[in-house]
Amino acid sequence: MANIHRGEIAAEIGGETRVLCLTLGALAELEARLGAGDLAGLAERFAGGKVSARDLTAIIGAGLRGGGNAISDDDLAQMSVEGGLRGVADIAVRLLQATFGEAA
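Take the sequence shown: its position 30, counted from the start at 1, is 30 in the UniProt record's numbering, and no numbers get skipped.
Please keep in mind that the hints were generated in silico from the structure rather than gathered at the bench. Incorrect hints may have been included.
DEER-style ranges, computed between Cβ atoms [to be verified]: (1) Gly15 / Ala40: 34 to 42 Å; (2) Gln78 / Ala40: 29 to 37 Å; (3) Ile4 / Val51: 31 to 39 Å; (4) Gly68 / Arg33: 12 to 20 Å; (5) Met1 / Gly48: 32 to 40 Å; (6) Leu85 / Thr17: 15 to 23 Å; (7) Gly37 / Gly14: 30 to 38 Å; (8) Met1 / Ile71: 14 to 22 Å; (9) Ala70 / Lys50: 17 to 25 Å; (10) Gly83 / Arg54: 14 to 22 Å; (11) Ala28 / Val93: 16 to 24 Å.
Fair warning: this is a prediction, and the values are worked out from it, not measured in the lab. Glycine included, each C-beta is placed from N, C-alpha and C at the ideal position.
Build out the structure end to end from the sequences listed, making use of the hints.
What follows is the structure, encoded as structure tokens:
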């Protein structure tokens, strides 16, 4: 069960309800994967609203691993999400909001 007070969300991915969390380690992974350099760089990258499929995979993948799921980004890319691309974007937005607050 997800604990929003710890920055966790629950999402149905690949037919299972999974907990996602951008822990400090997951954020470091995301910075490195996206070449953001730091948290401010991540915020700048997403603030403009232009997000690639690669970005979505990186955000959700890091969140899954931070939530204790041993799932690679390649495995994630093959999984179904209810709502398709819109569902994937919703998961990423909810995860970022849980991590950084509603202004994310």
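Quick rundown of the hints versus the structure:
At roughly 37 Å, the beta carbons of Gly15 and Ala40 sit within the given window of 34 to 42 Å. A hinted range of 29 to 37 Å for the beta carbons of Gln78 and Ala40 is consistent with their spacing of about 33 Å. Checked against the hint of 31 to 39 Å, the C-beta distance between Ile4 and Val51 comes to roughly 22 Å, which is inconsistent with it. Roughly 19 Å separates the CB atoms of Gly68 and Arg33, a value that falls within the hinted 12 to 20 Å.
The given range of 32 to 40 Å is respected by Met1 and Gly48, whose C-beta atoms sit roughly 34 Å from each other. Distance hint check for Leu85 and Thr17: the Cβ-Cβ separation is about 20 Å, which falls inside the suggested range of 15 to 23 Å. At roughly 31 Å, the beta carbons of Gly37 and Gly14 sit within the given window of 30 to 38 Å. About 19 Å separates the C-beta atoms of Met1 and Ile71, a value consistent with the hinted range of 14 to 22 Å.
Between Ala70 and Lys50 the beta carbon distance is about 30 Å. The supplied range of 17 to 25 Å is therefore violated. Gly83 and Arg54 have their C-beta atoms about 19 Å apart, which keeps the hinted 14 to 22 Å range intact. Taking 16 to 24 Å as the suggested C-beta distance range, the pair Ala28 and Val93 conforms, at roughly 21 Å.
Against the hints set out earlier in the document, violations occur for numbers 3, 9.
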